[in-house]
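In case you want the letters, here they are:
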Amino acid sequence: MIKTLVKDSTGNLPVLIAGIVVALLALTALFSPLLTAYVIKQDPLAMDLDSLRVPPGKAHLLGTDSKGRDILSRIIAGSRISLAVGLAATALSLTIGVLLGLAAGYFGGAVDAVLSQIFDVFLAFPSLLLAIGISAVLQPGLASAMLAITLVSWAGFARLVRGIALSLREQTYVEASRALGASSARILFRHILPNALPLLLVAASLRVGGFILLEAALSFLGLGVQPPTPTWGSMISLNRAYISSAPWTVLFPGLTISVSVIAFNIIGDYLRDKLDPRFQA
Amino acid sequence: MLRYIAKRLLLAVPTLFGITLITFLLMHSLSGDPVMNMVGERASPETIARIRAELGADRSLPLQYLGYLKLLGQGELGRSLYTNRKVSDDLLQKFPNTLRLAAAAILFASLGGIVLGIISAALRGTFWDRLASLISIGGISIPVFWLGLTLMLVFALSLRWLPPSGMGNNDPAYLILPAMTLGAFSLAYIARVTRSSMIESLSQPYVAAARAKGLREIAVVGKHAFRNSLIPVVTLIGLDLGSYLNGAVLTETIFGWDGLGRYALDGILKRDYPVIMGVVLFGAMVFVVMNLLVDISYHYLDPRIRVKAES
Chain A
1 MIKTLVKDST GNLPVLIAGI VVALLALTAL FSPLLTAYVI KQDPLAMDLD
51 SLRVPPGKAH LLGTDSKGRD ILSRIIAGSR ISLAVGLAAT ALSLTIGVLL
101 GLAAGYFGGA VDAVLSQIFD VFLAFPSLLL AIGISAVLQP GLASAMLAIT
151 LVSWAGFARL VRGIALSLRE QTYVEASRAL GASSARILFR HILPNALPLL
201 LVAASLRVGG FILLEAALSF LGLGVQPPTP TWGSMISLNR AYISSAPWTV
251 LFPGLTISVS VIAFNIIGDY LRDKLDPRFQ A
Chain B
1001 MLRYIAKRLL LAVPTLFGIT LITFLLMHSL SGDPVMNMVG ERASPETIAR
1051 IRAELGADRS LPLQYLGYLK LLGQGELGRS LYTNRKVSDD LLQKFPNTLR
1101 LAAAAILFAS LGGIVLGIIS AALRGTFWDR LASLISIGGI SIPVFWLGLT
1151 LMLVFALSLR WLPPSGMGNN DPAYLILPAM TLGAFSLAYI ARVTRSSMIE
1201 SLSQPYVAAA RAKGLREIAV VGKHAFRNSL IPVVTLIGLD LGSYLNGAVL
1251 TETIFGWDGL GRYALDGILK RDYPVIMGVV LFGAMVFVVM NLLVDISYHY
1301 LDPRIRVKAE S
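Protein sequence lines correspond, in order, to chains A and B.
Going by our numbering, the residue at position 166 of the first sequence is 166; the numbering climbs one at a time, nothing skipped.
Just remember that our numbering sits 1000 ahead of the position in the second sequence, which is counted from 1.
Quick caveat, the hints were computed from the structure, so don't treat them as lab data.
Here the structure is a predicted model, which means the values were calculated and not measured.
Errors might be hidden in some of the hints.
[As the list claims (entries may be wrong)] Dumping the calculated DMTMM-like pairs for lysine to aspartate or glutamate here, alpha-carbon to alpha-carbon at most 20 Å: (1) B:Lys1070 - B:Asp1089; (2) A:Lys274 - B:Glu1200; (3) B:Lys1007 - B:Asp1295; (4) A:Lys67 - A:Asp43; (5) B:Lys1007 - A:Asp120; (6) B:Lys1086 - B:Glu1076.
Input sequences plus hints: build the corresponding full structure.
Rendered as structure tokens:
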């Protein structure tokens, strides 16, 4: 499956570019300390009061911010946070969503009624508002940003998985397995879950971009990872007072977020077109 | 019809209780004394005593929750720790401003999204279609707060066509940039749904018949195909209403719009917990009520849904 997906994408230019962007982003995040120290030779935390808001140029490729810190190195250092939070929140909310969604869809009855009601409550909150509420009561930082994003997004996955489990449990192979005396756990994890995987992959890939945006928004509001650690969102909020005199301080971090999220969304759309039967013409 | 409305209202009750339970637990997890979190240190001793008695901070958690519900029932959301004003009063005062901004944003998103979607469906596969898809994928990917700052930089600070921030005594010029910022995300979604719905309509036999009849293409697309593509688009616009509260927090912050969103941010910056929780609770309530209204109005408008629900 993965092989054909990769092969098909080489004929599709936007998907190919998006794939390269995501791969570069992953490598940047992985090797960010090495990149800032040895390739661009700038310390993302070092303030230089003699070079405040220097425009992009030779010494600083993307210029410096309001405290004289090199913007490119801060974007590179910030990529870690964005990707880590985006991917961790996806993994966590998917896990919770799968477990509860499977239980609700497969067991039905009272279990379904109670769980579905819980999903509905979580889905009833505007996501950013609930994330704000959660991160406001926690000690702001990496873990609380992940937790907040997970708590506002697991219910969407749960509802999706519930629907899939509901339709799959009536399939003949599930009945056959049950007739052979398989346990519920075996049916759920050996038969139903593998068949739900393509749709889960699609749903997850379509959400990663949104999670990165949510993390950026929390950081922008001061509820994410705290300074001096650079994040893309906080770089924008810390420099927004200088937007007209030093626009590069705000433009480059924002462009980085936009390009990354566009790349994730293009890949998500592509996977949906390929894997979701409802989108096959 | 009445039976349906009653049933739908009844179904919303457990959701509303669930919402209050979550905000209660959030408030409770804050620190040792939920009463102080609710009324603040500047509250008069009588207020503290009254709230403490009603909340019963020494009682068990479920009883405390019942106390919290009782306070909510009286419209008591606590007082700001800083201004000592009632949070409920502030919310009611600022909500109309957010509504005005959201209405303008919805108008912008609906018109822009539908036009963009129709263009890309009618000119499918051309340069214009690709440009429109680029705009719509950008719309869901660009951070709202950065889009707002960029629009402000270009149209207000550089070109000086529009005012950069504030509400300008209801001068509509002040509404344009915030409405565009807040509406961009929905515009992109509406454009995508309009496009796919239009493509489906354009492949229907009645469109071929209209073309065979010799109708001009603009009439085929605009009249026959468009009308029949509207239902999913209108559904999306309706379901999306509540999500404007998310964007409002960021948009209002950037443009100095005196609504719920900026109020929430002020609360966050000062760790003014009654304010934060008040906005979260109020936002969720608005969200539930909106969805309820959308559901009921569909039921009323679309006979097919009505038949399905009653069977």
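Looking back at the hints listed earlier, which ones does the structure fail to meet?
-> When the structure is compared with the hints, none of them turns out to be violated.
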